[in-house]
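Residue numbers (this note's numbering), protein chains in the order written: chain A, 1 to 426; chain B, 427 to 834.
A couple of the hints might just be wrong.
[Stated by the list, open to error] Calculated pairs, BS3-like style, for lysine-lysine (alpha carbon to alpha carbon, straight line, at most 27 angstroms):
no., chain 1, residue 1, chain 2, residue 2
1, B, K453, B, K482
2, A, K269, B, K832
3, A, K387, B, K617
4, B, K617, B, K688
No wet-lab data here; the hints were simulated from the structure.
Given the structure is predicted, the values throughout are model-derived calculations rather than measurements.
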Amino acid sequence: MKKLQLNKLLLTTLAVCLIIFCSGSVYAQEIDLLLKGGHVIDPRNQINSKMDVAITNGKIYQVAPNISPQKAKTVVDVTGYYVTPGLIDMHVHAFQGNAPDAYIANGFTSLSPDGFTFRAGVTTVVDAGSSGWRNFRDFKKQTIDRSQTRILALLNIVGTGMASRFEEQDNNDMNPQQTAYMINRLFPEILVGIKSAHYWGDFTQVDRAVEAGKLANVPVMVDFGEHNPTNSIEDLFMKHLRPGDMFTHTFAYGPANRETVVDENLKVKPFVFEAQKRGIIFDVGHGGGAFSWRQAIPAIQQGFLPNVISTDLHTDSMNGGMKDLCNVMSKFLTMGMSLQDVIIRTTVNPANAINKPQYGNLSVGTEADVAVLNLRKGDFGFMDIRKTKLKGTQKLEAELTVRAGKIVWDLNGISAPAWETELQKK
Amino acid sequence: MRIVLSILLFISTSLCVHAQQYDLLIKNGHVIDPKNKIDTKMDVAITEGKISKVAKDIPATHSKKVVDATGLLVTPGFIDMHTHVFVGSKPDIFADGIYSVSPDDFSFKSGVTTVVDAGTSGWRNFPTFKSNVIDKSQTRILAFLNIAGSGMIGNPDQEDVNDMNAQMTALSVQKYSDIIVGIKIGHYEGKDWAPFDRALEAGNMANVPMLVECHLPHYSLEDQLNKMRPGDIITHSFEKITERESVVDDQGKVRPFVLEAKKKGVLFDVGHGGFGFWFSEAMPSLQQGLAPNTFGSDLHRFSMNSGMKNMLNIMSKYLNMGMEVPDVIQHATWNAAQSLKRNDLGSLTEGSVADIAVISILTGNYGFIDAGGNKINGTRKFESELTIRAGKIVWDLNGLSAKNFKGN
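One chain only, chain A, in its complex shape (with noise of 0.2 angstroms):
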């Protein structure tokens, strides 16, 4: 009977300590995950020094110069690295499938975004027109609603999307009415916007995808392939498209298939700075065929900087000169453009062509979506769709990427604890 007492009182105290305990290391411990020691660059809130990001409950905390780590329950050590909003990839495929003869939509040229996301520092994608109306849901059901990678999409005003090229020219499957209301009325959080690509024809597709942006008030992406003869690109930006809409595959060099930006010369064409000034945003959208030396070398000696930074990632580029999105932007660290310009190109700016200002920030209260980078030196090559090569000597590499608040990749293990310490614990 004594013994019992003796024992109720013990336990009474311990329950008593343990919650004394266990709120005092609460109330100490409100960040969930700390990156410190970090080079922090958010564009959007003008940072571009040393910091400490706090995340918690899958928001930023706080970024400042020396958070205490016991504030903290998990903390990461990112010192010499650089700590980024999650990077933006403004221009990928990602509706795969296996549809009987599919090309892009529900096809096999498309591929599951986050095998390539994380492991590159993105935490967000723009599906670039792989869809449209009568398949979005397909997509979304398929892919959007069961990725960990944030995905948005432009809607192709093709009906079908990128079923097959043959299909993107049905004059009588361009319908803005629809494009809109899917955007609008069903789905105003994912669709950022419309696509016109792959056409054959002359300005009718582009002024449909127009038509559908000022239904929606969401701006139109741009893939100006593949008229023979060329159309006007300058008539494209001056006349048909909006402030705000958006030209992909600015670099590429394919002379028979799209007029270039830059000249037989190597001089960027006067209407071209024209645009930019109008407010047409300028997209790399890398892929299998679109990124050229010689385009984007003139370009960027001659201060015609592209707006936005992008893959244009699908079955056909991921193996080739782009990669992924680290090794785009490394090429253009390669040619000149600074650190800071490059991560404003693919957090920022893509944030802002799209209209989701919440994103690509470090904003306290935001979703924490952060890339932590190392810029690793050395000797590189890097290639262009045509296998020529610039040689470098540096090069970004994702160490760490966290979505929402949690860690989903880890290169090096700079979030594990060692091996042998755990085993000494045991």
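Go by the hints and put chain B onto chain A.
Structure of chain B alone, referenced to chain A:
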């Protein structure tokens, strides 16, 4: 004068054409070809998709294209023994579903040219796997056929013993003998040994090995190993999870019956996956003579971004755990080919298909994570510079095969 020049030009051109007997020459690399016991600096010449010569100092002028591999390893393309690549659009399953991944997304960038699917399909849906993925991929895909008729379609369907048909499974192996390399048993949570026995029966009928995978909670490890034949493969060898006894006991000793099984000829695959590789198992095993025979990655949606990453990362783990470079290469190439009874693969033998990995060894500070989230530190790491599949360059990390940009 002009005539003389023309004649000279003609002669030299014709000489050149005659001399350029190779399509591609990889020069100055350090060749490791375990089957042929080569571990030295050599050149590798490729013609019409096949290895045409491996020798010292093959003249550059004899080839249409030359890649300088100075400072790099040149090895047979790697074979990933354990993947799930029957990718499709079905939710929440592996077979024809989104839990599987497209092999080309991961293979070439890690030096892998052949992947082996670990029973994602069964005899009923293998034709779909073949037409949707195998025939469309650049990576060579071989497959273990699941004893469950429709492969990995989730519970309870994949556990239907009535749909585990040894005869139909064996017939499919014979029908697709160029692709199907064995029978897989896994994912059965009952106590009945019928699924295991039928997989063995199918293996005997078709004369192919059996791959024993995971999620067989009521079969003891010892019973599994006892039933396995020499040449059968157990995967997830170094897992430490409740549903399967680990190969290492609580004192850190490899269990005697495991070493017995190895002696008998049972083959141990890594099968890293999301949960299949623990340093606490793998390290003592390696030290006590239970090195894995192969480095299967168990690549799928839930392992790709974990401590696994890709097969090259697993190879780097073993490098930093103390395995020598030639050993690592042998496990990733010739060992795998032999265990699949595909001796045509996994080497640089003249006349064989030109599947080649060109690898650099980076030095620096690296970390490697296991399934428990624990890390070892290392100083070396493999990186895939150039991958060749059937003579074609399918990956070139730094433009080793590219010309320098000259301004236009």
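Hint check:
| no. | hint | verdict |
| --- | --- | --- |
| 1 | K453/B with K482/B | 9 angstroms, holds |
| 2 | K269/A with K832/B | 21 angstroms, holds |
| 3 | K387/A with K617/B | 57 angstroms, violated |
| 4 | K617/B with K688/B | 25 angstroms, holds |
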